[in-house]
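2 protein chains.
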Amino acid sequence: MTDIGFIGLGLMGKPMAKRLLMAGHRLVVYNRHQNRVEELAGLGAQLAASPREVAERSEVVITMLPDSSDVKEVILGHNGVAEGMKRDCLVIDCSTISPLIEVEIAQHLQNNHVESLDAPVTGGTTGAESGTLTFFVGGKADVYKRCFPLFKAMGKEVFHMGGNGMGSYAKLCNQICVGLNLLGTCEALMLARRAGLDPDKTIEALSTGAANSWQLANFGPKMVRRDFKPGFKIEHLEKDMRLVDEVCEQLTLPSFGASLVRELLKYAKNAGLSENGTPALFVALERLANR
Amino acid sequence: MTDIGFIGLGLMGKPMAKRLLMAGHRLVVYNRHQNRVEELAGLGAQLAASPREVAERSEVVITMLPDSSDVKEVILGHNGVAEGMKRDCLVIDCSTISPLIEVEIAQHLQNNHVESLDAPVTGGTTGAESGTLTFFVGGKADVYKRCFPLFKAMGKEVFHMGGNGMGSYAKLCNQICVGLNLLGTCEALMLARRAGLDPDKTIEALSTGAANSWQLANFGPKMVRRDFKPGFKIEHLEKDMRLVDEVCEQLTLPSFGASLVRELLKYAKNAGLSENGTPALFVALERLANR
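These protein sequence lines are chains A and B, in that order.
According to our numbering, the first sequence holds residues 1 to 291 in order.
According to our numbering, the second sequence holds residues 1 to 291 in order.
With the rest of the complex left out, here is chain A (with noise of 0.2 Å):
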């Protein structure tokens, strides 16, 4: 039983808290938007004014958070998580932000003896709601030692990828695949539907072979049916692809088919479709088909 702090209560981070308390651990939270932390409260959680009091009173912190800017200021801004935590206390950000960040947060906090690990996940949030991410982890090794009981009360897999920094690199590949594996099969199936296909079966048929992935599987027949609620949104997987797209410029690499997915995201966010689930890269392309 570990007391935990908890950061960032969103579509991903309130499931994933969920499972903590309900693995036995004691949670203190901490929201921007106070009434997320309402359910939690229900379950025994205990609120939090700040980032720094969560930091006071845990002996690990979690964060989920949107974006770089977000985990930068939570954990090393004023208030922050920095500021609270206790001589060697452990700080887990479960964000998909940039390696080079999470390298810069894990030096500062290592200068004040607290140890930290980037550990973004996979499975959005059926995963978290069911306890099946998976968790690509950057850190020491004992740290991750620490650490692998609370990444199975919240997940499935857990892979301990190398250093700090490394679970964000390892998330970033994660979203090159997912990326152009949902635009195979968008592309893929609006030709079935003008070529007048019956669309499951293409799935059904294209699933025996060398075209099977799991977007193809599990957001074809959303495309097909027209589902389009989140789940993962658009606007997080553009904010991915930027990631991406920055890692390869920072590393001199050419990112042909991942920069194409962020431009068409982008055009997606821009048609009204940011709050959709990411099957919805299927309408962006439909309007692109119709002009």
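No lab work stands behind these hints, which were simulated from the structure alone.
Copies of the same chain look alike in the list, so a pair counts if it fits in one copy or across any two.
For lysine-lysine, the following DSS-like pairs were computed, each having C-alpha atoms within a straight-line distance of at most 30 Å:
1) Lys201 - Lys72
2) Lys222 - Lys156
3) Lys145 - Lys201
4) Lys266 - Lys72
5) Lys229 - Lys152
6) Lys239 - Lys269
Using the hints provided, position chain B relative to the given structure of chain A.
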């Protein structure tokens, strides 16, 4: 037991023809390059001097050829299959070519009281050898039913996708996914290596969730081990993506992703990688990265 003619004994055609022989059918074969027929002759296949002669001696003629022009010439050209076919015999074209050409050929044959199916496959040489190919079949339902046992002798999964041409459309949908999932696998593994991640561990971790694909699971390890022998060649996937481009143009559909994949495959071809297996797209991207 059927008298089957088989034309086109390349990397795919030869193992498919062998499986028909093994299933007990009589086989008459023709190939432009005579040296390719010898092994089949040794197994009991009869040789013919032209596609026309193959047709004269068969109830069902199967073709497995590289491109639209080859199929048109072999079936409709001088000394071609159409000249030799008897009434109520059947043609099955397993080549991956334009759906519009398939429809044109089908109509021409129907005028001579010959029915045909387009039945392109997925599964590569491994699938052809092990009899695990998937067939996407277009044509009349009763013709499909008559030919079903032949498909089962050569493959595992058989899908009747609709009328003539629909098998070919389904195959192009398949190739859109194949191409984009392949590109995603390449870009993810390029980033993994540049970031210093263990590539095998990255494949293992990504395979557990939303990033998973047949291409990642099967060709990711080939990229890591630099195993680029064919299998399915760069030049053949480039040809298929050209067909996708052409068909999307005809249907006024955008093909952002598929067109990009085609451009990168063209680059790979021009860089001397034509004869390599498709995982060699990784090598093409390495060269683009090192400029």
